[in-house]
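Based on these hints, arrange chains B, C and D with the ligands on the given structure of chain A.
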Amino acid sequence: MTKLSYTKALNRALGDELERDPAVCVLGEDIGAGIAQLTLGLLDRFGPDRVVDTPLSEQAFTSMATGAALCGLRPVIEFQIPSLLFLTFEQIANQAHKMSLMTGGQVSVPVTYVVPGSGSREGWAGQHSDHPYSLFAHVGVKTVVPATPVDAYGLLVSAIRDADPVVVFAPAGAMGIRDDVDASMLAPVPLGQARIHRAGSDVTVVAVGHLVHTALAVAAELAGEISVEVFDPRTVYPFDWAALAESVGKTGRLVVIDDSNRTCGFAGEVLATVAEEMRLIAPPKRVTRPDGAVLPFALELDRAIQPGREQLVAAVRTVMK
Amino acid sequence: MTKLSYTKALNRALGDELERDPAVCVLGEDIGAGIAQLTLGLLDRFGPDRVVDTPLSEQAFTSMATGAALCGLRPVIEFQIPSLLFLTFEQIANQAHKMSLMTGGQVSVPVTYVVPGSGSREGWAGQHSDHPYSLFAHVGVKTVVPATPVDAYGLLVSAIRDADPVVVFAPAGAMGIRDDVDASMLAPVPLGQARIHRAGSDVTVVAVGHLVHTALAVAAELAGEISVEVFDPRTVYPFDWAALAESVGKTGRLVVIDDSNRTCGFAGEVLATVAEEMRLIAPPKRVTRPDGAVLPFALELDRAIQPGREQLVAAVRTVMK
Amino acid sequence: MTDGLHTPADLYRRMRLIRGFEELALRLVKSGEIVGGIHPYIGEEAVAVGVCAALADHDLITSTHRGHGHVLAKGSDPSRMLAELAGRETGLNRGRGGSMHAADVAVGILGANAIVGAAAPIAVGAAWAAQRSGSGKVVATFFGDGGLNQGVLLEALNLAALWQLPVLFVCENNGYATTMPTATGVAGNAVGRAEAFGIPAVTVDGMDVEVVRDAAVLAADRARRAEGPALIEAMTYRFGPHHTMEFRIRLSYRTQEEIDEWRRRDPLDIQGGRIAAGQRARLDAEIAEILAEAERFALASPRPDPAGALDYLYASGMVARGGVA
Amino acid sequence: MTDGLHTPADLYRRMRLIRGFEELALRLVKSGEIVGGIHPYIGEEAVAVGVCAALADHDLITSTHRGHGHVLAKGSDPSRMLAELAGRETGLNRGRGGSMHAADVAVGILGANAIVGAAAPIAVGAAWAAQRSGSGKVVATFFGDGGLNQGVLLEALNLAALWQLPVLFVCENNGYATTMPTATGVAGNAVGRAEAFGIPAVTVDGMDVEVVRDAAVLAADRARRAEGPALIEAMTYRFGPHHTMEFRIRLSYRTQEEIDEWRRRDPLDIQGGRIAAGQRARLDAEIAEILAEAERFALASPRPDPAGALDYLYASGMVARGGVA
Ligand SMILES: Cc1ncc(C[n+]2csc(CCOP(=O)(O)OP(=O)(O)O)c2C)c(N)n1
Ligand SMILES: Cc1ncc(C[n+]2csc(CCOP(=O)(O)OP(=O)(O)O)c2C)c(N)n1
Ligand SMILES: [Mg+2]
Ligand SMILES: [Mg+2]
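Chains A, B, C and D supply the protein sequences, listed in that same order. Quick note: the first sequence uses this note's numbering, first residue 1, plus one each step. Quick note: the second sequence uses this note's numbering, first residue 1, plus one each step. Quick note: the third sequence uses this note's numbering, first residue 1, plus one each step. Quick note: the fourth sequence uses this note's numbering, first residue 1, plus one each step.
Treat the hints with care, since some could be wrong.
[Said to hold, decoys possible] Pairs of lysine to aspartate or glutamate residues, derived as EDC-like cross-links and limited to a Cα-Cα distance of at most 16 Å, are as follows: (1) 250/B x 277/B; (2) 3/A x 180/A; (3) 321/B x 277/A; (4) 321/A x 277/B; (5) 30/C x 122/B; (6) 30/D x 122/A; (7) 321/A x 276/B; (8) 321/B x 276/A; (9) 30/C x 246/C; (10) 3/A x 182/A.
[As the list claims (entries may be wrong)] Here are the simulated distance ranges between beta carbons: (11) 303/A x 281/B: 39 to 45 Å; (12) 185/B x 23/C: 46 to 52 Å; (13) 47/A x 218/C: 28 to 34 Å; (14) 180/B x 288/C: 49 to 55 Å; (15) 47/A x 7/C: 41 to 47 Å; (16) 317/C x 320/A: 40 to 46 Å; (17) 21/B x 202/D: 36 to 42 Å; (18) 309/B x 1/A: 58 to 64 Å; (19) 281/A x 300/D: 49 to 55 Å; (20) 303/B x 300/A: 48 to 54 Å.
Derived from the structure by calculation, the hints contain no laboratory data. The structure presented is a predicted model; accordingly, all values stated were derived computationally and were not measured. Every residue gets a Cβ at the ideal spot worked out from N, C-alpha and C, and that includes glycine.
Just chain A, same shape as in the assembly:
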């Protein structure tokens, strides 16, 4: 067993896939230098034909990846900032996502978009603190938010091998996490398969990314008093509804903690589907960013807007009442 950090896991997944499949290539800004750590060492190993530093033209190089994918490549794009997904929303949601259906199945677009440091990075303020996974789930682009190094590795590998566009969000709050791993644990994790991080019988808490760790801390804190099951779908879209049905079938209670804005966010989707299809013994609750959130710069304001541990504790207690 060795320690593997979340960042290093993503770096290793990229290296392994570049090694395994000559069609894989990586595009992005400053990835040769490896500023975001994800691509460290890859330029030296694989050369500038496969690890391509791009100018600040996110829209063009995002669709360039689409064009290359149409011709058999499997590009991975690293975006330096989560909101660059806003800038390239047209290229992902309206182009890459739609091509398979619009061509009647003639083409596929196996492009992976990775966003290291999604969500609040302390002090980066309004335009660098988005965590827009719910947007991609809504338009139907496969959307992955790994919580642990092992999952980060396995999910990124699966994303790269997938025939469709996939967005992988690496939350800033998770990138410091480390796992004890041995080599056998580094394997593809299928998209759409949930993971129960901790079993429990009273309340199902759903979380992705760094908030899984918040949920685990709350579960530990409440242990003895309330038995919390920590449910991590790992992919926000497609969602593992069958596994969730099993979990809430057991607990009968539900809390979702979600780092997106409240209205039309991921937590809302979970509550909605559960309301339609499953049975609860108490009204569910969600802990989210506020509606329309713009993260203010000052740390105390930034923190006041992010869903956190105390709010989760309160929500869990409420559904137990």
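Frame of chain A; chains B, C and D with the ligands shown alone:
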């Protein structure tokens, strides 16, 4: 009383606001010629300084409107296609929306974005058939989807007068509607105020835009058998939760019909909030586009994907069981 | 339909096919067999045919909202193209794409695109893949004068220039972006913009297919020799409306005199004048027969089964959750 | 702080203010008082000061992620700017904006922008409003060499050129976009791109404040005479890291020799050489005092109340629903 079409109502709202407030101006493609009908006659009346034909540079002119708004103007932008909102997502969600908070209240960005013909226009296929109101509700941009000519008039006027960015979606399926009106009915409609189009006691059906008319048709069809209340929030964000609480407090049953994709869509938000805060006597249902929907060209395929009348009837019957 | 475009007669014949196809399509729009309308290519045939005459079968193109001409010029079967417009299961895209999205990967058409300017970076990506693989393929990307004002297209010029990619930017300058005259929307011009990125560029008579072809041959040869991208601005004109909806709304952005003047330079007549009258008549008849067959084929083809509305949504085969639980 | 920028000493003094401010800010980043780090402007002071010297108080600017210099050059109070960086309620943006979003509408700063290229069309909009109102205002928009590759900025050049708007595009070419050398990212160059849109453009020595000022005066005067936009490319260099996080990661995209060579052309020394040594020392002392006061002010200022985290989210006063029911 005279007949007023939905399109003409929007046209009249624009004309009235241009007349009333010299700070109002309209920008967009082919608006001088009035191709989308909304701006017909405005160039002649107000001149090219206030009714500005723009080149095909949606991103630049969207932020140009922001800059002009920072300097006291109240620009209205007409977008020819709903997916141009994808192209300009950065400029709206990451720029216009965030400026008031990020500047600590120094500025406001009173820009209105109008999309005539949102949703499926028969035969326009994958890239012209989006109806992305849930996306804007999620990021917290005020989002309006009028159902009738009178509301189209009143809501567009309010949007233009509002201090914040507002997106107004005029669904293709509603633009043919006509109302009997007299002049007194043409007045501002506050954002965030729902309208009950038909009172009922058994089931609350929530709908916006053209689907309000679908809901009304279903209510009429089921009358005698099931008493359907047709609830139109009119603005998807902010949503009139108080009015909804009153409605479901009375009916105890809920169906939402929604022309967006299922996951993280508007219908999901309604179900989620109701699950948390209100009480139902039967599980709610939603009728939506499928997850990740891309509208195929052929008419029978396009129709198969849109939420429709028969599905709504079935859903209403189910919640009554 | 992948017969070559070598002789003057070949060029005429393909232009005639496009013209006839568009006339047929206009008829089917009127009759309601084609839903949603089309952006007719009539008047601009020399551009698509001239450019495609410079391409090899394995070369690639991307197309636009006004794309029928590009697709036919590159060699798609007109029957399957018409079936696509009529929304049939036998269409190029199985009826899923329609007029603005025709794709035919088998003959090198990566797809038409309904978003102005959006195809250019996709073509750049295909050219990048070609460069890496050493396939020797060239990619031509068509766009209108309106596309010159899309940021993403300008970004694409930069990438193509930086990496010396084998891509041919073809600007079909038909004088208008819908109702906006080119000069009202474009500060400077197409050639100057390309040159600012270091891309060699030339303006040519887009009504003369041989002139277009010659310019495209030069550019494609350079690209094949790994000498990088080029831009061709073809001055052309659409004889008809921007879109068939223009038949329903009265617009006055151009004069009848202007239209008449351009019609006097009909590309079919210019090229038709280069072949014998008898041969021209024979080719016209051949095309008429092909189009009659296309109409029969398209209208006899089955409509897609609504149960398959979500087919192909995910290439991985993933099945999306439907809109009713 | 809106004393003029008229004399050589004024120019030196303002540059000295920026230099000292950045040094102080770097210290507060290290001490943790400024959270999230900054993009230091050290080395580039002549650009901001030279351009702002050509502007009137009522003229407007937009700024970038590397924006402290622009904000101070245009005349913001360094105390309130520093308070902003320290996240205090007394900051320019009440602690809501931070380093990348400083705005000060009262002195004509429409805001810094954390998205590269994004401010250019906003400036164009402000210039359009100025043109319509006949206010005679000019708008200067700063951006880096990396910004030259953003589509929206190129679109903005087109709009400004078409409508002859009073906007000054200021490209701060510091040789790198983070780690990417300008020539690796930019095919052609800034001047060529502007000229392709018909915008007069010039490259100047960005280390000499008077040279920058003179070019900006010409451009601003043209704009005031309604003769349209201009672009100035100022060749400059950042002496420090792209961002303070670079202190934590080892990067090797430029050599120490290159840095040293540019440091020999320190803009403060170039301008400092134009004033008497005694005066220079006096100005330095003045600035030191101002910055000491700024530090006192900032660090003594109250932090925002978390209860106000959503204040100003909607200018209409609408209160957003919170994240817990
Ligand atoms: C980005 C974008 N903006 C607007 C539209 C709507 N639209 C479709 S075609 C067109 C005009 C295009 O003009 P041009 O590029 O010159 O091509 P042409 O139609 O003349 O062939 C417009 C505005 C669109 N499809 N995409
Ligand atoms: C559109 C966009 N892409 C990427 C980034 C991340 N980023 C911030 S600054 C920067 C480099 C900018 O280079 P340049 O424009 O030359 O300005 P400089 O930093 O040299 O002053 C990058 C890539 C961003 N903020 N916005
Ligand atoms: Mg055109
Ligand atoms: Mg730079």
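Evaluation of the provided hints:
For the suggested pair residue 250/B and residue 277/B, the alpha carbons sit about 15 Å apart, so the restraint of at most 16 Å is met. A hinted pair counts as satisfied when its Cα atoms are at most 16 Å apart, and residue 3/A with residue 180/A qualifies at roughly 5 Å. Taken as a hint, the residue 321/B and residue 277/A pair is honoured in the structure, with Cα atoms around 15 Å apart against an allowance of 16 Å. Using a Cα cut-off of 16 Å, the hinted pair residue 321/A and residue 277/B holds, with the two alpha carbons roughly 15 Å apart.
Restraint check for residue 30/C and residue 122/B: satisfied, since their Cα atoms lie roughly 15 Å apart, inside the 16 Å limit. For the suggested pair residue 30/D and residue 122/A, the alpha carbons sit about 15 Å apart, so the restraint of at most 16 Å is met. Between residue 321/A and residue 276/B, the direct Cα distance comes to roughly 14 Å. Compliance with the 16 Å bound is thereby established for this hinted pair. About 14 Å separates the Cα atoms of residue 321/B and residue 276/A, which keeps this hinted pair within 16 Å; it holds.
Annotation: proposed proximity of residue 30/C to residue 246/C holds, straight-line Cα distance about 12 Å (limit 16 Å). Of the pairs offered as hints, the one joining residue 3/A and residue 182/A holds, with about 9 Å between alpha carbons and a cut-off of 16 Å not exceeded. Take residue 303/A and residue 281/B: their Cβ atoms lie about 40 Å apart, and the range 39 to 45 Å holds. Between residue 185/B and residue 23/C the CB atoms are about 48 Å apart, so this pair conforms to the stated range of 46 to 52 Å.
A hinted range of 28 to 34 Å holds for the C-beta pair residue 47/A and residue 218/C, which are about 33 Å apart. For residue 180/B and residue 288/C, the hinted distance range of 49 to 55 Å is satisfied, since their beta carbons lie about 53 Å from each other. In this structure the hint that residue 47/A and residue 7/C lie 41 to 47 Å apart at CB holds, the actual value being about 46 Å. For the pair residue 317/C and residue 320/A, the beta carbons lie near 41 Å from each other, so the given range of 40 to 46 Å is met.
A hinted range of 36 to 42 Å holds for the C-beta pair residue 21/B and residue 202/D, which are about 41 Å apart. At about 60 Å, the CB distance of residue 309/B to residue 1/A agrees with the hint of 58 to 64 Å. Between residue 281/A and residue 300/D the CB atoms are about 54 Å apart, so this pair conforms to the stated range of 49 to 55 Å. About 52 Å separates the C-beta atoms of residue 303/B and residue 300/A, a value consistent with the hinted range of 48 to 54 Å.
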